[in-house]
Structure formats: C-alpha cells, structure tokens
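Protein sequences appear in the order of chains W and F. Taking numbering that gives the first Met the number 0, the leading residue of the first sequence gets 0, the next gets one more, and so forth. Taking numbering that gives the first Met the number 0, the leading residue of the second sequence gets 0, the next gets one more, and so forth.
These aren't lab readings, by the way, just hints derived from the structure by calculation. Errors might be hidden in some of the hints.
As a list, the in silico DSS-like pairs of lysine-lysine whose alpha-carbon atoms are at most 27 Å apart [to be verified]: (1) W/106 <-> W/121; (2) W/89 <-> W/106; (3) W/28 <-> W/226; (4) W/218 <-> W/28; (5) W/106 <-> F/108; (6) F/108 <-> W/89.
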Amino acid sequence: MILRIDSLSRSFGGIRAIDEVSFDIEKGKVTAIIGPNGAGKTTLFSVVCGFLAPHRGRVELEGSDITGLPPYRIAAAGIVRTFQLVRLFKEMSLRENVMVGGHLATKGGLWSALLRPGWYRKEQRELARTADENLSMVGLGSLAHARASTLTYGQQRRLEIARALAARPRLLLLDEPAAGLSASESRELLGIIRSVTQAGTSVMLIDHDMSLVMDVADKIVVLDFGKKICEGTPEIVRQDAQVLHAYLGKSERSSRLRGQRKNPAVK
Amino acid sequence: MRNVLSPRPAAIAACSLVAAGLGILASDYWVSILVLVGIYAIVATGLNLFMGYTGQTSFGHNAFAAIGGYTTAIMTTAYGWPPVPVAILGAAIAALIAALIGYSVLYLKVRGHYLGMATLGLGLIVVELAIEMERITNGTAGISGVPPIGIGDFEIASSRGMYWLLLVLVPFAIWCAHRIATSRLGRALKAISGDEQAAEALGINASAHILVAFVVSAVFAAAGGSLLVHQLAFVSPEVFGMFFLTLLFTVLYVGGVGTTFGPLIGALVIVLVPEALRGFADFRELIYGIFLIVVVVFVPGGLSSASSWGPALGWFKAYRRSAHSTAANRPSPRQEH
Chain W
0 MILRIDSLSR SFGGIRAIDE VSFDIEKGKV TAIIGPNGAG KTTLFSVVCG
50 FLAPHRGRVE LEGSDITGLP PYRIAAAGIV RTFQLVRLFK EMSLRENVMV
100 GGHLATKGGL WSALLRPGWY RKEQRELART ADENLSMVGL GSLAHARAST
150 LTYGQQRRLE IARALAARPR LLLLDEPAAG LSASESRELL GIIRSVTQAG
200 TSVMLIDHDM SLVMDVADKI VVLDFGKKIC EGTPEIVRQD AQVLHAYLGK
250 SERSSRLRGQ RKNPAVK
Chain F
0 MRNVLSPRPA AIAACSLVAA GLGILASDYW VSILVLVGIY AIVATGLNLF
50 MGYTGQTSFG HNAFAAIGGY TTAIMTTAYG WPPVPVAILG AAIAALIAAL
100 IGYSVLYLKV RGHYLGMATL GLGLIVVELA IEMERITNGT AGISGVPPIG
150 IGDFEIASSR GMYWLLLVLV PFAIWCAHRI ATSRLGRALK AISGDEQAAE
200 ALGINASAHI LVAFVVSAVF AAAGGSLLVH QLAFVSPEVF GMFFLTLLFT
250 VLYVGGVGTT FGPLIGALVI VLVPEALRGF ADFRELIYGI FLIVVVVFVP
300 GGLSSASSWG PALGWFKAYR RSAHSTAANR PSPRQEH
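Can you make the complete structure from the sequences, with help from the hints?
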C-alpha cells in the first residue's frame, strides 16, 4: 500500500464535494476513480495533492501524514499530478518542460546558477539527457526543441505525463488523461500508463473513458455525490447494481457500459 | 523567447569595439548620456528577472534604487565612508527590505495587479520617507556634494571614467542575469511565469522562488541607484520618483521583457531617442510619444525579441506586396481566384 485515504471530507458552502471517503492505493498498481459529473473526483485529487485543504480526514503516503501540506511539499514527498486541462509551460521547449519536471531530482539555487560548479554542470547535463529519454518514452523524442505551444492536444497530454515522470514520483495522479484524445491516442496512452506501472510507479487516475478505465485499472473506486459507493476490481464494479444505477441512470442500465467495452470476451 | 542577438563572439567583439570607440571619440556630453544608458540598463536588467522571467509585477523598484542612492549619499557625505563598501551596504539594505516586504506579501499569495499595487505602495513610502526624514535626507532639497566613486586615492571623477567603469559593470550585470535565467533556478522562475500551479505540482515552492527573484532584482536596482547618485553627485526624492519609474518600464518593455539584451537595447533607445529629438523642440515629446506607441503596437514583445517582430514584418510584407502589384499594374493573387 502506498497511499491511504482515511475518511476524507471537503465541502463547498453547503455541498459536500467529498464526504467521508476512505480507500487505499496499492503499490505499483493502477487505481481508477470513476463517477458521474460532480461526484467529487477532481476535488478528491486536489485534496490529495494539497491544492485544497480537507475539512476532515487524513492522507497518508507510505505511513507518513501528508494531510494539508502545500502542493510543492506533497510533490517533494512523491505525489505528482497532471491536470484535467493540460497545463504546460507553453513558452518553453519540450525539453525545458521536462527539465522543470526534474526540479526535485536536482539541486542548485542562486550561487550554483552564477558560479556553475562542476557537480552542477554534470547534474544539468544528466538532466537534459534523461529529459530526452522521457520524451522518447512518450513518443516526442524528435520534438525536444520545439515550443510546447506548437503541440497538438494529444501530444500536449503526453508531454505533461513525461514532465510529471521526470519528477520521479512514487504515485502519479492523472486527471482525465484521455479527455479529448482520439481512439488511437487513447491506446497509446494505455501503453504509457502500463509502462509507468511496470517501472514501479503507482498510478491513480480519473477518467470518463470507460473502456480505458476497465482495461487499465487494477482497482476501481466509484464516487457518487461525494460518497464512495463501490470499490473493487473492474469485474466487481461492472456488476455492482448501485454503480450501474448511479453511473448510468435507470433507463440504460448496463447496456451502455457493456456496449463501450472493446473486449468481447466479457460480454 | 529567442533573441535577435545571441551572444556570439563576433557580435560581442564588434559591440565592444563600438563601445570602446565611443568612449574615446564621443563628446563629454554624449558620454554623460551614455552613462545614464548604462545605469538604467543595470536597473532594468534586474527588474527583468522579476518581471520578465518570473512574470511578476513590480511598480516599486524605484524604492530599491532610492535605498541604494540615499545610502550612498548619506554615508559618503555625512560619515565620509568610502564609496564601494557603502554601495555594498546599500545593496544589502535593499536586499533585506526586499526580503522582509517580499516575504510578507509573496507568501500571502499576492500576485498580478495586486502585487503591482503593493509594490507601488512601497515605492511611494520610500520616496515619502526621503522627503520627511529631513534630518538625514535633507528633505526635498536633497543631498549635494556626493564624492565620485573610487577605491582609496583612485577616484573616477569624470563621466568618461564612469563610462569605462560601466563598460565592465553593464556586461557583468547582463552576464549574471543570463546565468540565472539559463540555470535550474531560472527554469523554475520561467515555469512559475508560465503556470504557477503546475510549477508547484512539480515541487517548486513558487513563493520562495519569486522572493529570490525579487531580492536579486532589488540588489541590481540598489547598485544602479548608487551609481546614479555618484554620477549626478547629488540625490533628491525626485531623482527616484515617478519619472524614474516610468523610464524603467519603458526601457524594459520597449527593449523586450524576458530577453537577455532587451534591457540594454531598451535603455539605449529610450535615452538616446529623446536626445536625438532635441532639435524638434516643442514637438519632441509628441514624436517620442508616437514612437513609443508605434513600438508597442508593431513590436509588442520589445525590440530585442525576434518573435515579436512578426506583426511589423507582416505589415511590411503586405505593404511591399501591394506596392509591387500596383506598380506592375497586375491584379493581386487573391483577385485572380
């Protein structure tokens, strides 16, 4: 277990965006958070990352309490996120974007900037090299010197993941990574997520793309109106009556959920 | 942003030759003008770290220049301290005040226009203190008889001497800023400028980084303030008032905010253009104002930013195309279709 979320609550005015939510995230596994719009998924993410303070509850990363720490300290502790609407450093090159991601993995402030000692130069050379490797991993290796603002939407998403990985997170949080991607881009993303977990990084993701979630997730947590209504493997979640009701509504039932699946064996 | 002038050895050698030639050949009057160019370039280079690379707003850097300038004036005249240690003291005081003010403002996440207002307040307070603390600042009358800068018996008594000193100090200031901008620290600053939340999500403590940029830029401003007071041999609240502040902004924005050589190019243009317009007497201010508007409209990123020449070039090309087609009495390609 890498992350424990313990009866976490956060309200906005009178609305309980997340309400007593508890679950664990296993090391090296992919955990998906799903739920209808307004279920509290992004709020949960923001609380875990320190962008919002929780009103109640606890977040523990490998046993140490990280509840309510500022975002940069949570990142330093090992949780790095991507954003629902991609947030790149648009004026910087792809390589520079990923090198910013390597901020935590390197050292050096004002004095090393001015004096450029040997260890600093060596570390920066290494960083540039690993940045290029990270870019190649997400298929952007040939664009290292292009400006981030020139990328297509799918490329921007992949760059954001490469940048997050450069921070060498223990837990990677992906907020709707497949939003706005084409079917083929979604498949590429799937491959990237798999290789991330194979490298030992745990992943927590939110997505509306059910086929992606069902394919990639080891565990699914379902939220509805801020409450956890189900938790388990894709198979369990798919057959849970409460989930079908909440997520798909009464009329369509399971047909839509099954219809979107690309694996006919499960039908 | 890419610079038109990338620091190539040949370009640097050519610029050094021109600068040295001017130091030998230019009249005393023009040398004293060029000294002002150099001093503004140093202050604007510092401000560029904060406003250009880090993308923050400060309307109060005249405060730090005033702190440097007044420290120099007071300590060298009333206490007879030597100029160089006094300049360092002035920079240290400016850094300390920048750190205190910056800490209290930046850690409260004051940003954007609000940061602009807060720093504007700082500038107004410092200038007001310079007026009111008459016993040590001599109020609005100011302090005259500031000795020239120098070490021991070696004094730089003329503008020409100051010019040679600045020929070392201005490149040094630009070199320092360039090194910061291209380092891990500079990358973090640019990231904060691009998207502060995204930078924080990658482990960058934005407030602390902005504070570092604020303090460093305050040191540049204080150094420039000390030099200016030595050059004028005089200081008054007006020296670092609103005129100084607006000049600083025009230098920064005309030259190119967030570029290596923008502040220097801006200082050259902003100081030299009004001088060149002296012959136009009453129309001078008008022509200067039009010039500023033209630059901002047609070269929005500043004169030294390659990408911002786009609108001007596009306009120029469109003009040439239409001129060409009219001259040849041919319909333009668009009309053919």
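Structure-based check of each hint:
Distance check on the hinted pair: residue 106 of chain W and residue 121 of chain W sit about 11 Å apart at the alpha-carbon level, within 27 Å; holds. For the given pair, residue 89 of chain W sits about 24 Å from residue 106 of chain W by alpha-carbon distance, which is consistent with the 27 Å threshold. For the hint linking residue 28 of chain W to residue 226 of chain W, the alpha-carbon distance of about 23 Å falls within 27 Å, and the restraint holds. As the CA atoms of residue 218 of chain W and residue 28 of chain W are separated by approximately 8 Å, the hinted pair is consistent with the 27 Å bound.
Note on residue 106 of chain W and residue 108 of chain F: the hinted pairing holds, with a Cα-Cα distance of about 25 Å set against a maximum of 27 Å. Distance check on the hinted pair: residue 108 of chain F and residue 89 of chain W sit about 22 Å apart at the alpha-carbon level, within 27 Å; holds.
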